[in-house]
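Chemist: The lines below spell out each chain.
4 protein chains.
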Amino acid sequence: MKENTNLKVQPLYNIENLKVHGRTTNSLSPLVLFWTGSGIELNAKSSELWIEFEVDYDLYEPWISVLINSVPVSRQMLTAGRYWICIFRGMNENTVKNIRIIRDVQAMNGDPNCSLQIHALKFDGELYPVEEKPYKLEFIGDSITSGEGAIGAKAEEDWISMWFSSIKNYTAITAEALNAEYRIISQSGWGVLSSWDNNPHFNIPEYYEKVCGLLTGEKNVALGAFKENDFNSWQPDIIIVNLGTNDGGAFNSPEWKDSVTGETFKQKLNEDGSYNEEDLKAFETAAENFLIKLRKYNKTAHIVWAYGMLGLSMMPSINRAVDSYIKRTGDKKVSVFQLPNTTNETVGARSHPGELSHKKAAAELADYISQFLTTK
Amino acid sequence: MKENTNLKVQPLYNIENLKVHGRTTNSLSPLVLFWTGSGIELNAKSSELWIEFEVDYDLYEPWISVLINSVPVSRQMLTAGRYWICIFRGMNENTVKNIRIIRDVQAMNGDPNCSLQIHALKFDGELYPVEEKPYKLEFIGDSITSGEGAIGAKAEEDWISMWFSSIKNYTAITAEALNAEYRIISQSGWGVLSSWDNNPHFNIPEYYEKVCGLLTGEKNVALGAFKENDFNSWQPDIIIVNLGTNDGGAFNSPEWKDSVTGETFKQKLNEDGSYNEEDLKAFETAAENFLIKLRKYNKTAHIVWAYGMLGLSMMPSINRAVDSYIKRTGDKKVSVFQLPNTTNETVGARSHPGELSHKKAAAELADYISQFLTTK
Amino acid sequence: MKENTNLKVQPLYNIENLKVHGRTTNSLSPLVLFWTGSGIELNAKSSELWIEFEVDYDLYEPWISVLINSVPVSRQMLTAGRYWICIFRGMNENTVKNIRIIRDVQAMNGDPNCSLQIHALKFDGELYPVEEKPYKLEFIGDSITSGEGAIGAKAEEDWISMWFSSIKNYTAITAEALNAEYRIISQSGWGVLSSWDNNPHFNIPEYYEKVCGLLTGEKNVALGAFKENDFNSWQPDIIIVNLGTNDGGAFNSPEWKDSVTGETFKQKLNEDGSYNEEDLKAFETAAENFLIKLRKYNKTAHIVWAYGMLGLSMMPSINRAVDSYIKRTGDKKVSVFQLPNTTNETVGARSHPGELSHKKAAAELADYISQFLTTK
Amino acid sequence: MKENTNLKVQPLYNIENLKVHGRTTNSLSPLVLFWTGSGIELNAKSSELWIEFEVDYDLYEPWISVLINSVPVSRQMLTAGRYWICIFRGMNENTVKNIRIIRDVQAMNGDPNCSLQIHALKFDGELYPVEEKPYKLEFIGDSITSGEGAIGAKAEEDWISMWFSSIKNYTAITAEALNAEYRIISQSGWGVLSSWDNNPHFNIPEYYEKVCGLLTGEKNVALGAFKENDFNSWQPDIIIVNLGTNDGGAFNSPEWKDSVTGETFKQKLNEDGSYNEEDLKAFETAAENFLIKLRKYNKTAHIVWAYGMLGLSMMPSINRAVDSYIKRTGDKKVSVFQLPNTTNETVGARSHPGELSHKKAAAELADYISQFLTTK
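Chains as they are written, first to last, in UniProt numbering: chain A, 1 to 376; chain B, 1 to 376; chain C, 1 to 376; chain D, 1 to 376.
In short, the hints are calculated from the structure, not lab data. A couple of the hints might just be wrong.
For chains that are exact copies, the list does not tell them apart, and a pair is met inside one copy or across any two.
[Said to hold, decoys possible] Once the Cα atoms are required to be at most 20 Å apart in a straight line, the calculated EDC-like pairs of lysine to aspartate or glutamate come out as: (1) K19 to D124; (2) K8 to E126; (3) K227 to D158; (4) K219 to D279; (5) K359 to E345; (6) K332 to E176; (7) K45 to E209; (8) K154 to E218; (9) K281 to D323; (10) K219 to E3; (11) K333 to E228; (12) K210 to D258; (13) K45 to D258.
Please read these numbers as outputs of a predicted model, since none were measured by experiment.
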């Protein structure tokens, strides 16, 4: 192998013209990529580029996707260790390439040791500023928003990192259609009030104000996951909340029992199979409270509750919650939007929305959202 | 990281139930992947699988794609060195997964040190037999068949490995549509008589009978590239020859001069811009002779000359050559098929066919080929 | 011209095996086709078939479409007069053809003299029974459901019969996808509470229980338009209400003034451009009352309020109305479904949904409705 | 009915600003529409328009399609007689509408009494000039070019006018894509040398120079069908010859016997099922002679032999014929283009190309042809 002797290592904190995507701490030594869809973006005038990652996990390894000039060209598993990965080589050193390296797997509540960090770059040219996009979107959701099943064969059933995608994902496709920057806050199985299996602690709202509060473990303390998020530094134009699917599932799942206190939690069905009204009300209250919290931290964003890619059972409750919120607060910058359902033709792995379902949802969502974006 | 202590290393030559794709030597210690689209296939009942690669190059690094249950889930650059790559982990150890690891870049005539080898596997379960597919296809071509530009943004102009794909490629898509195994023999820029720039040594027919005769360098001698190919071990049902595009280009390129002998070579234009008849005739003779050679080594295959994805300028000559071959030999198992042209809507990187063009070509080619496949 | 001397005229009331589509009286001497999508269906084993129409109008002539074996083959304007139209000729007399002749223009409130009647058939063979479809759908709507603009160039602006289609229409496409029979009750510009221009008399609910109560004029009295509809004879499995678009428009239109009483009516905007709450409430009450009326006449149908093909401004009100209805009555067989919005790519004539928009809406609606159809 | 008293009848020969499409005589009293795709075009600023047709036939009635502002809005059978048909009414009298009335059925060799004529218009405004399109295309073909089976259910088997379309037809779609005017010369079942059933008189070339020479009967003498065509008045930029399919079929059909002379004609198969070489040669000679004839009457047109929508069996012969023609004449403005085959997904009625097949063929053909059209 002929070595490229012009390559120079630069720690990330030294890099000008670095664009960081996704909610994280303000540290660059190293940079922690907590959320799916988070990553770095560069405009690189160089012939070659390497990135130094540090990776760990007990169960669920991270994956990354590489986009060059907005086209995905690489997707790979990152095994444990600290090492360099080559992003490109042999390119024209006089041409500026837009490079995005994106975490392709959700934050992993179930693996306290899962982490993905970037220490440094190595390249032989210069970096140019990344142009700011005119709009900012924040997506908040569950497995659908985590892109679970968006890649892989329909037959796949394992719950593993490989079947998650932040690229073949309605979030990324919507953002590209609107020329917007985006962030994702998501966790498979979680809801507004509880998880699909009635665990009341597995709800997104409770952890919203932390950098990545739904993580666990000592290591994540050190990485800054539980710090207060700096909302001032990044205010979205639109927040898309795609939650409710697991809250609906909870009605059809067994009760959850707290192994310490013995307490149980269960969303109940009526005898005729419909949802118990009181339990629905609890969900609606949680949803309304989440809107209040979202507004607290996001003063100007239009909030869209977008729901329906895996059925509509909670839609009336979501409508009531949003209606009640608007009536109570007078805040009219909130609305509900039904996403197209996943069908036999559009389903992906693990009975989740496939790439076609994500594309269809993104097309309708982008069309809907565009009315709230003022030309900039 | 929790280590999987059940993993066992097995050298490739020890592995039963290994399916090797692509033309190569019969060595498995290690296995050399010469051609794009070559690779290994496994039916793995295990929770985890690693592969030990050995990689080298001066200029053009190899890339691989990983398909699990026929769906591409990973694509990555392989940098120089000997190392293990994890293909999957954390899967259900009781389920059989079909795994294909495919070389995603053509054999590189221009880089004598480019090589990709597989030494061993590491896994914790068992391998099951890979079912033989009912048909075998052999594709012979140039950059189109190498999938140059099938991945990457339209703006890309660098000639690098990254923009080659054997997956978003009409060869793979045709084979999948017909449930066939396939091999690719291809080189960017090469033709039947000469390369696009009139180099008469850069023609595919001259090297057809060797394992990978168009490679260069001492190292490839050692790897067995220049050995006679064992045609008996793999006889295709259909051979698709997609050559002629560069022979057409030669008419519009400057002459080529042999730096040693001073000899020059040039396909000439008439004053009105049409192709010189004598030079066309030379192409036709070369094409006819290639058919004779193909038939020598492939006694029963139907041969389809499939052409047209980047224009039709050589089509009349190809028709004449095939016509003349049939008349001379009485061999009627040869035909010509026009592939759909690449348009502004279907073009990819480097002004080459993009994924949409490959899909369209594959759909029409598979429909055409199916008439020659007897139900097995 | 060679005459077919085997043709025999048969008045409609004499015909066995005649299937009548659409809400009408029980008279067959002649049959009146009031609504768009209404018509007759035959299984004809004959070589030739003619139909005797009687047509009149002052302003808006009717059109028909002819479907043979479910494929539209003819669409034509019917000018005033009583005359025979040839549906087919020269066909194999031993083959049974399924024939549908469908009115392609809505009932015309604005033209008291518009009428379309069928007196007789003329054919040379036999008619066979038309198989009953397993499901029945009733669509209730405005211009969208009337198929206004579903045919014609985007540039068209005239309000004329030619631009209406009951075939390139989500109603027909949904019914075909579900293998269902269907009826349409619709009027362009009308709503639940008022028309787009605030006329409180132009609302569908007021006229629902009559055969075709929204018509006007003496002639329509004679034709039976204002008789009570016989709901027992045809009970739908699903009712789709696609109303609200004009109620939304009323907020942005000038007040309507009764020329006799001087009374005015106006749905008002708040200063910030949002809808006045009291006026919204009036709409919601009207919607809720309409549901009560629908349930009175349709004891078992699932009712879907399907809305959104031209924007979502009334969706929160529709949700509240349905919610309130369910709470008040305990009737759970009512739900709301958002239809996909019309975009620049899917718009048709007169700024109304085009064929592509209707197809998209039908695909999503059929998928949604299928959950309420028990296998028959 | 309220009559429009402003309508004025104008005989066609009196009309300025009339655009006639299709090959016909220069008579306008009346105008005869011989060929499918022929018709009249108007830019009408009026509120209403009627056309007076005169129609006759023994077997095969004509049909017309009406296009308003380039969108098909009506398609109807024309039964025998002389009568007025209303094209539109109630439109804005101050807007100019582009109107095309197109014959939708091929010239009928098998029905000497089939005729379609236009006598007069009736309207209440003015006609404006129809802008000339920059290009002219002439299509010469068989049932494929006649649009046989392009409309109707797959199950249809009757050979009747209803299943012909000049609109859902690759000719019209290609012309629209290229913004070209077009003419069609075509007859189902006919070929270059003989018809599908070996009748040597049923070949298109023999009749090419007459206005509509393939018609029969005294009446067509009177209508001018057998007059010399005035080639000077309309010279195409491109001629597309889509013939050969029936010549191929002749090899697999019984011999044809002249009922008068007792002579027989048959294209023969070899014992191995391949085509007899001498008979192929006869086809090739006929094809070559047809090219000579086409060039005689069309001095500057590029001629494309476009073939393949129903299989490729004659392609090698077509290539040889064109090759031989070019070699003999030095005329390089002739080429061969393979059209995409019809598949199970794209087939229409009567086992012929359906609308999807025509669309696909048109897309590829238009892309190919565009290289021969100089910007005007």
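Chemist: Does each hint fit the structure? Answer for all of them.
Modeler: Right, here's what the structure says about each hint:
no.	hint	result
1	K19 to D124	within (19 Å within a copy, 41 Å between copies)
2	K8 to E126	within (11 Å within a copy, 45 Å between copies)
3	K227 to D158	neither (33 Å within a copy, 44 Å between copies)
4	K219 to D279	neither (36 Å within a copy, 57 Å between copies)
5	K359 to E345	both (13 Å within a copy, 16 Å between copies)
6	K332 to E176	neither (27 Å within a copy, 40 Å between copies)
7	K45 to E209	neither (37 Å within a copy, 43 Å between copies)
8	K154 to E218	neither (37 Å within a copy, 46 Å between copies)
9	K281 to D323	both (13 Å within a copy, 13 Å between copies)
10	K219 to E3	between (37 Å within a copy, 19 Å between copies)
11	K333 to E228	neither (25 Å within a copy, 46 Å between copies)
12	K210 to D258	neither (24 Å within a copy, 60 Å between copies)
13	K45 to D258	neither (55 Å within a copy, 36 Å between copies)
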